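*Asks:* Sequence:
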Amino acid sequence: MYVVYLPVIKTIVDIKPLNTFLYKLYDNDAVLFTLKFILLLLTISAIFTYTSPTPIEEEEKRKYGIKGFLWAVIFFLTIFVDIIAYKKNLYTLLVVLFAISIISYLIAFFYFLKFKRTKVRDLKKDRRQLIESQFDQERELIENEYSIHFHYRYSYLGDVKESVINIVNPFRSILVGGSPGSGKSFAILEEMVRQMIKKRFTGLFYDFKTPTLTKKFYNYYLWYRDLFAIPPKFFIINFDDPEYSHRCNPLSIDNLRTIADADESTRIIMLNINRTWIEKEGDFFTDSANVFTSMLLWYLKLMTEKYNYNVCSYPHLVALSTFESSELLFLILNEYGDLKNKMKPFSDALESGALEQLAGQVASAGIALAKATSKEMNYLLTGSDFSFDLNNPINPKILSIGNNIERQDVYSAALGLIISKTMQQLNKQNKLPSFVHLDEFPTVYVRGIENTIATGRSNKISTILGFQNFSQIEDEYGDKLAAKVTKGCGSRIMGQMLDDDAEKISKTIGKQKVLTRQYTYSASDTSETQQVSMDDIAPPSVISHFSQGTFCGLIADDFKDKEENKVFLGEIIVPLELKKHEEEVELPKLYDFRPKDYEAVIDDYYMSHKKTVIQLKSILISTSYKDLIELCGNFEYSMDFNNALIKMFDMDYDSFIDFAIDNNLYLYLKEYLSDKFKLENAKIITEELSEELFQCYSSEEAEDFINSLIEAGITERNKQKILTEVTQEIYNDIYRIIAMELRDPNLDIISMVKGNPKLAKKTIPFFSRLAKSDKFTDSKTRELYNSTCMELQEQE
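Under full-length UniProt numbering, read the sequence shown as residues 1 to 796, first letter to last.
Calculated directly from the structure, the hints in this document are not laboratory data. Model, not experiment: these values are computed from the prediction.
In the PhoX-like style, the derived pairs of lysine-lysine whose C-alpha atoms are separated by at most 25 Å in a straight line are: (1) Lys670 with Lys611; (2) Lys487 with Lys460; (3) Lys233 with Lys198; (4) Lys579 with Lys199; (5) Lys431 with Lys198; (6) Lys589 with Lys670; (7) Lys216 with Lys460; (8) Lys775 with Lys761; (9) Lys215 with Lys199; (10) Lys216 with Lys579; (11) Lys589 with Lys216; (12) Lys487 with Lys566; (13) Lys428 with Lys198; (14) Lys484 with Lys507; (15) Lys589 with Lys233; (16) Lys460 with Lys566; (17) Lys375 with Lys209; (18) Lys758 with Lys344; (19) Lys721 with Lys375; (20) Lys721 with Lys371; (21) Lys772 with Lys721; (22) Lys775 with Lys762; (23) Lys589 with Lys721; (24) Lys772 with Lys758; (25) Lys198 with Lys579; (26) Lys562 with Lys487; (27) Lys198 with Lys562; (28) Lys371 with Lys775; (29) Lys306 with Lys342; (30) Lys617 with Lys647; (31) Lys216 with Lys199; (32) Lys344 with Lys754; (33) Lys344 with Lys306; (34) Lys566 with Lys161; (35) Lys676 with Lys215.
Each pair of labels, with its calculated beta carbon distance range: (36) Arg275 with Arg769: 31 to 39 Å; (37) Arg594 with Asp704: 12 to 20 Å; (38) Leu227 with Lys371: 41 to 49 Å; (39) Phe228 with Ser618: 50 to 58 Å; (40) Leu227 with Ile142: 19 to 27 Å.
All C-beta atoms in this analysis are idealised placements derived from N, C-alpha and C, irrespective of residue type, glycine included.
Build out the structure end to end from the sequences listed, making use of the hints.
*Replies:* Structure follows, in structure tokens:
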């Protein structure tokens, strides 16, 4: 500083020997610049070797650093102005620059000293230590013949990076969990099936909210079916709507090789109907119901073979279980050697006359089975559109099995039976790779699922289980079986989980080394303590706070494609462009329930309801959509709606009521209006469709609506007629078989009844009622029961 401002200082203090030497330096511009630069470097060195324990806020520290830098720049720039001022002998300016240099230097030095204070850690930015617990998840894509991949984003060292989840061995079973809305179906389960179909997997999937998944997977099937050597066929089971369902018979005689198969099948049925029985196997009444149902099923197989007439199906089993006389059934069953061992406890009660005990033993079976049936099920479970060997190389298939949350108690037994039978067929050697995809699998009891998980790997079966929480599995499967199922899955992918479930997942994923810092702050000092500890990779609190689409877990590898870093935590990158097209193609209508003379039936219906059709058309073209919507919304039941229309528009009661009920006018109109105006979205109605709401049907639109209404009504009535006829024929089959058995001379049942006076006395009125029963309609069967009744009466 003395050298730089020598002309100014010389006027104040003149030290000749020193000033003479310094003048030589002052005349060299480079030396002046170097001296000032050296001064700056020495100052910076001093500052950076200085440490202060006094704490400072991060924002304040940043401000001091910026200010110090700016003042240092000002100090450094004065050298250039100094040179110009000296050359032109501007000594006054040099004095000013001298003052500026001193001030800027001191201020910069002050700010840099402040900047060197210890920064107070902002705990608000990482309250839950998320940054500290982040870990490197970099992986390369590992591709093989069966591998599945998910791309995802994760955070590490403050940066957002992308990586990939490599499921190189999907046959080690995959458990996918997450609370409702966590995105497990959208981001994980659906994408798994898409990739598997693309890699030529066959298999089955369980659609709990049919047709939600079925429609998507059907589109996947259409995209990739040509990749198969032999294109697979796509089959659907939908008990809600037989028009969109195939037919099958999981209890056909081909699926009942031994009586043990009958035992297993009936356990599946009964345990689905009564989930509480899962942990009560061995209980007297539970086992009695299972054994009784098993005997009935095996008996139906024997009858199918004996009379060459197929009565071996789930609906026939239900019908037989509700037969009026269990005593008579036991007399018949006892005549077949295959059933004698199972008959022992029932025979003892029958011989001792303990009829009440006998009735109690079998009543639970009949009552349970009667709850798990419907006309639609009777129709669909007595056909044979496909076999259950879905992974057959010469006849590959993909099967959708649909459920309905509102009817799951009715459907679960049959669905569990179909799934279990299919898994048995899949789990065989030398077949195509296949998947068993069960989203919301606790809603159906799949007997043997733990065995498929344990042994299906060698037969290339990928078991994929989706669920919401672990307690759901335990409630439906029991603690022991639930533990077997969940622990058998090698790969686990988990979205948001809460409470105990989050702790369980966190424990499964494991721990990692984490550097923990502890700070102690005071007015004049800061102390830091560092500690390395093993903390959870994914703490329960983090899992509980997952956003939609965020998942964690661990992936099982294999010998060929080993993966050192098996743990992942991040946001799944969903292929949204593909998702836009996954519902483009509608599901095909599989059965046409229109009557054979369809056009003639429609013409006749129009002629017989001509007046009502004209009146309805007049209502539609004179009433705004808004008024129709309000009218539908004012009534909860179709009867009230129909009566309101009659009163408002002065319609003929009898003719209109027949028309409205025949064609289900109320529901059809509600669905039409809801679909047209998207009534689930009120904002659309008020902002975008307000003008159209005040319009009415045009004449052409009204005619189209009425035509579609009548066509749908005729088809529905004919469908119900067919379903009723099939159900009636099932009961005809059962009562016909029993009647034929009674008259079979090889069994001689009538003689046994005659030999038991107590039984004969009870049987005579039974046969008398049976001959008049409306459960069957076959006249020849009725004649057989009449003749049997007369024979017993003669004996009496």
